[in-house]
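Fit chain B to the known structure of chain A by using the hints.
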Amino acid sequence: MALRKVAAVLAVAGLGLTGCGQSSGDGGGGIELTITQNAIAGGKNAVAAKHIAEWVIPKFVEAQKAKGKDVSVKFIPSGVDDEQYKTKLSLDLKSGKGADVIDIDGIWAGEFAEAGYIKPLAELVGPEADSWDGWAQIPEAVQGLATYDGKRYALPIGTDGRVLYFNKTLFAKAGLPADWQPKSWQEIVEAGDKLKSAGVPVPIQINAGTAMGEATTMQGVLPLLAGAGGEVQKDGKWTGASQPLKDVLGLYQQIYGAGLGDPKLQQEAKGRDKSFQQFAEGKIGILMEGDYFWRGVVNPKDGVAPMADRDQTVGYAMIPAKEPGAGIRGQDFVSMSGGALRTVNPNSKHPKEAFELLAFTLSSEALKEETKDGNVRITPRADVNKEILAGEPLLTYISEKALPLTAYRPPVAVYPQVSVALQEASAAVVGGTAPDQAAADYQKKLEGIVGGAGNIIAP
Amino acid sequence: MAQATSSPPEPLAEAAAPARRSYSADAAGLGRLRAGVFVAPALLLIAAFLVFPALWVLYLGLTNYRLTGLAAAEPRFVGPDNFLGAVSNPAFWNSTWLTVQFVLGSAVIGQVVLGFTIAWLLRDRRGPLRRLVEGLVILAWILPSAIVSFLWVALLDRDGGTLNALLGLPGFAWLLDHPMLSIIVFNTWRGTAFSMMLYGAALGNVPPSHLESARLAGASGRQQLRDVVFPHIRGHILTNLLLISLWTFNDFGPFLITAGGPDGKSEILAVHVYKVALQGGELGYGAAVSTVILLINLVVAVFYLRLLRSGR
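Chains as they are written, first to last, in this note's numbering: chain A, 8 to 466; chain B, 4 to 315.
Some hints could be false.
[To be verified] EDC-like mimics (lysine to aspartate or glutamate), calculated; alpha carbons at most 20 Å apart, straight line:
1) A:LYS101 to B:GLU77
2) A:LYS290 to B:ASP162
3) B:LYS278 to A:ASP89
4) B:LYS268 to A:GLU431
5) A:LYS452 to B:ASP160
6) B:LYS278 to A:GLU431
7) A:LYS277 to A:ASP89
8) A:LYS452 to A:GLU431
9) A:LYS126 to A:ASP99
10) A:LYS451 to B:ASP266
11) A:LYS281 to B:ASP160
12) B:LYS278 to A:GLU399
13) B:LYS278 to A:GLU90
14) A:LYS277 to B:ASP180
15) A:LYS271 to B:ASP162
16) B:LYS278 to A:ASP99
17) A:LYS271 to B:ASP160
18) A:LYS451 to B:ASP84
19) B:LYS268 to A:ASP448
20) A:LYS277 to B:ASP160
21) A:LYS281 to B:ASP180
22) A:LYS271 to B:ASP266
23) A:LYS277 to B:ASP266
24) A:LYS281 to B:ASP162
25) A:LYS126 to B:GLU77
26) A:LYS281 to B:ASP266
27) A:LYS271 to B:ASP180
28) A:LYS277 to B:ASP162
29) A:LYS452 to B:ASP266
No wet-lab data here; the hints were simulated from the structure.
Bound-form chain B, shown alone:
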């Protein structure tokens, strides 16, 4: 999963801060040409694996390309039809709305709140309890998706599910009656580890002396959090939100649990694209939807980056 390629949050936050000293334009003394040679391999890689595929998807979105049939052999250029089709398709908007629910529910509320709460409660603890809690949370994060989703299907199944056996509710169809709730809880459980570890590290950076002075001044726990802790870790919170919002937005994991069903009630955008492009075979239309998703991702990223900048 994409979560493995996490970058530490500090550089982002630092980069957002206005330069405190002014550097010379050519600090390394390489000159324009040699500097160009140095960055060329990186730029080529980005061009080959990022820019080209993005442009290719944009192009495919303008054709009637299909997985099978005549349009697979001879795709035709259809202009903006796919894009117009997407924005006038209620299924697309339904998926977008479900994705917003999924991101807000499982990432912004679920993972951030739960991750911070665990990190806050464990901040001064050492010993077996802390190791146990952290171990369990991280285990949920590192297990392979296929295994985890099988376990969750076994947990939530309506006939032989473990949860129904525990609650004494035989026949209660969690995945059919509450598909969104199921995948939101699942994804919260699955991804909390990242937020927990990030906030754990961030809380370690809050100077103990500040907290001590706040306590001496008679600040309650909530006041300490609001006035001492949050200002210190604001950059971490926003960076974390940016990363997990984007991951969750593009997450395909729920497909393994509900397959987008029943009748599209948990068909988030990533699943929607898979269904129309590969199961339905409409590669052109799927590419158009992917392009729209790319744009939404950009908007979300710009929103968070602006928030990060404005704070300093």
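Just chain A, with the same shape it has in the complex:
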């Protein structure tokens, strides 16, 4: 009996050992690399996952072999909300683990850098990082996304812009033009009223609430704030319960208080996914989103809520300022941009090879391969963009019209906490709180986050 138990234990241990042996690659002494993104085959960002697994990895391994290096690469997929991906990644990095090459949202760079979870590339990899030939192709604003405290912490993967999407079929039903371009918030609300009378279940979807996380801030509060002439942070000081913020919250009240939007959609745990689904089903008239929506959501080929007739049905327009000229820098129209970053994990045992892999994923060859067959996105490289954006109407629209007047989030470590406070303010208004009250509560929270009233511009 006891003997049998021992034998069983040994057998299990043996299995474990062979298991380890297999995962460590077939060539003894070879270099193993891992790469992770919030992308998974058949789910979120499926195209990116497929590109890494089926093109980048074999090509990279082959290229290394030609140089006489035995390298194996494994892709670690993930397909969850960005907030959960961030939690998982920070726990990995905190405990000295994680994939060798990691994708992060540009806005996490500050807090990750301050925590020591990511390191300046020059320090980690060596001079190769700064002499990478791709830098010459990347516009300054996009390089800025990967820079913190004057040092480059990552390579930018690309950038994006926000617009208003609308359903032309529903617009025709409501007697609205197919080339709709609102010039003020009032015109958005009027379009919403017409859609409502035409029987559209959800005339307007502008993200609000905490369940959607950063999507509320980036595709809701901040573009509106820019349209009201406000910035969340200016010259190192944060904006409190200012008039622009009150205007933004007032618009939320106008939309969600009058039944022009669905307040419950903003509260549901999977509300954002549901809003995508409802837009694809023709239940939402107007929706504010980034170009990700066009590429990854309603993409007829492999979006998460595909629309076979996307190119005919989905219209897009610039986000107007509150009134013409009322936006930041006196603009008539506004947008917000962000962008993801890819960097080398400081815990990597092979930082040089990891950087080679990282740079390879952003070579013009790899980006062209990634974006072919209708998977165009705005890449960081001007040389690639010039070629690939030509045939893509929306991305050309964004890069020509939105990007010149876009704005970026403040690249500071405390921003994500401020973002949550903004989400809570929008949640309160959607839940029935008066905008002035919600703005005052926001200012109170802001004082706690940014270290006292001294860092806040008095309204």
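Frame of chain A; chain B shown alone:
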């Protein structure tokens, strides 16, 4: 889940009884030193996995430790700030109150009453009906949380949910309009099996002769329950209450259904800690809240143990 590590209730109840015989101080004849050697491994394990983490959490609660940012690299000692912050934070008290509702609703009322009722109705039955009912109740208990919560989200969803289809109420948002009710019903369904099995075993210990005499004396069903059955299984009831109250108090399952939402309306303490510590990144503050939860758990445990003692 913690429920798998259930200990039978009898030893607790027995231990609570005053010793009937007096044992010699050293019954095994080992002597102090050798006895110490025997218990040392167990004490070391407890120290490593229970005492040390508890003290560590207490310490973290006194710092401004964060998941990211500067405070992740160089946490500072902030004294009792986190604790003061917690007790003056309305969100914390809201979560505490929701947790009390959750424990009372789903454990003390839901699981105990439903579990006892099923055990009582099935006490004299044999055959397929009993096996079917027990099988279904136990199935709800042993299925993995991820699967169960997916099924419940599909059941309660406001657009395509099964329940709305059955009731003919399209668009009724159970999880948004009645989040607490939803998770209370869910947890009652989920955890009734333990109470049912425990009471089933306890009812088997009630001497049939006592029940028979009560019946002969003309006692009604309710009188039999009150005067014969309950006095016999009082220890079981209290032990069961202690265990399921503590499990439910610390249960994270509701997160998978409502994620604490909408706007914190179902954010029980376990979910609150997860949200502030991991999603919000405030590990120090989260540790302080955890310490408070630990204290509440101790109070609940002491309360039940006292009740158990006082009865004998």
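These are the hints, each one checked on the structure:
This hinted pair checks out: LYS101 (chain A) and GLU77 (chain B) have alpha carbons roughly 13 Å apart, not beyond 20 Å. For the hint pairing LYS290 (chain A) with ASP162 (chain B), the CA-to-CA distance comes to about 12 Å; that is within 20 Å, so the pair holds. Restraint check for LYS278 (chain B) and ASP89 (chain A): the C-alpha separation of about 15 Å stays at or below 20 Å, so the hint holds. Between LYS268 (chain B) and GLU431 (chain A), the direct Cα distance comes to roughly 13 Å. Compliance with the 20 Å bound is thereby established for this hinted pair.
Our distance criterion of 20 Å between C-alpha atoms is broken by LYS452 (chain A) and ASP160 (chain B), whose separation comes to about 33 Å. Taking the CA atoms of LYS278 (chain B) and GLU431 (chain A), the gap is about 14 Å. The hint holds against a cut of 20 Å. This hinted pair checks out: LYS277 (chain A) and ASP89 (chain A) have alpha carbons roughly 13 Å apart, not beyond 20 Å. For the proposed pair LYS452 (chain A) and GLU431 (chain A), the alpha carbon gap of about 10 Å is at most 20 Å, so the pair holds.
Between the alpha carbons of LYS126 (chain A) and ASP99 (chain A) the distance comes to roughly 15 Å, so the proposed pair stays at or under 20 Å and holds. In summary, the hint linking LYS451 (chain A) to ASP266 (chain B) is supported, as the alpha carbons are separated by about 18 Å, within the 20 Å threshold. Only pairs whose Cα atoms come within 20 Å are accepted, and LYS281 (chain A) paired with ASP160 (chain B) is accepted, the gap being roughly 11 Å. Distance restraint check for LYS278 (chain B) and GLU399 (chain A): the Cα-Cα separation of roughly 40 Å exceeds the 20 Å cut-off, and the hinted pair is therefore not satisfied.
Proximity of LYS278 (chain B) to GLU90 (chain A) is assessed by CA-CA distance (about 11 Å); at most 20 Å being required, the pair is judged to hold. Straight-line distance between C-alpha atoms of LYS277 (chain A) and ASP180 (chain B) comes to about 15 Å, which keeps the hinted pair within the 20 Å bound. This hinted pair checks out: LYS271 (chain A) and ASP162 (chain B) have alpha carbons roughly 11 Å apart, not beyond 20 Å. Pair hint LYS278 (chain B) plus ASP99 (chain A) holds up; C-alpha atoms about 18 Å apart against a cutoff of 20 Å.
A distance of roughly 12 Å separates the Cα atoms of LYS271 (chain A) and ASP160 (chain B); the hinted pair therefore holds under the 20 Å criterion. Only pairs whose Cα atoms come within 20 Å are accepted, and LYS451 (chain A) paired with ASP84 (chain B) is accepted, the gap being roughly 18 Å. This hinted pair checks out: LYS268 (chain B) and ASP448 (chain A) have alpha carbons roughly 19 Å apart, not beyond 20 Å. Simply put, LYS277 (chain A) and ASP160 (chain B) have alpha-carbon atoms about 10 Å apart, close enough for the 20 Å limit, and the pair holds.
For the suggested pair LYS281 (chain A) and ASP180 (chain B), the alpha carbons sit about 17 Å apart, so the restraint of at most 20 Å is met. Note on LYS271 (chain A) and ASP266 (chain B): the hinted pairing holds, with a Cα-Cα distance of about 11 Å set against a maximum of 20 Å. At roughly 13 Å between alpha-carbon atoms, LYS277 (chain A) and ASP266 (chain B) fall within 20 Å of each other, so this suggested pair holds. This hinted pair checks out: LYS281 (chain A) and ASP162 (chain B) have alpha carbons roughly 10 Å apart, not beyond 20 Å.
At roughly 16 Å between alpha-carbon atoms, LYS126 (chain A) and GLU77 (chain B) fall within 20 Å of each other, so this suggested pair holds. With a C-alpha separation of about 17 Å, the suggested pairing of LYS281 (chain A) with ASP266 (chain B) holds against the 20 Å cut-off. Distance hint between LYS271 (chain A) and ASP180 (chain B) is fulfilled; the C-alpha atoms sit about 9 Å from each other, no more than 20 Å. Taken as a hint, the LYS277 (chain A) and ASP162 (chain B) pair is honoured in the structure, with Cα atoms around 12 Å apart against an allowance of 20 Å.
With a CA separation close to 16 Å, the supplied pair LYS452 (chain A) and ASP266 (chain B) stays within the 20 Å bound.
Against the hints set out earlier in the document, violations occur for numbers 5 and 12.
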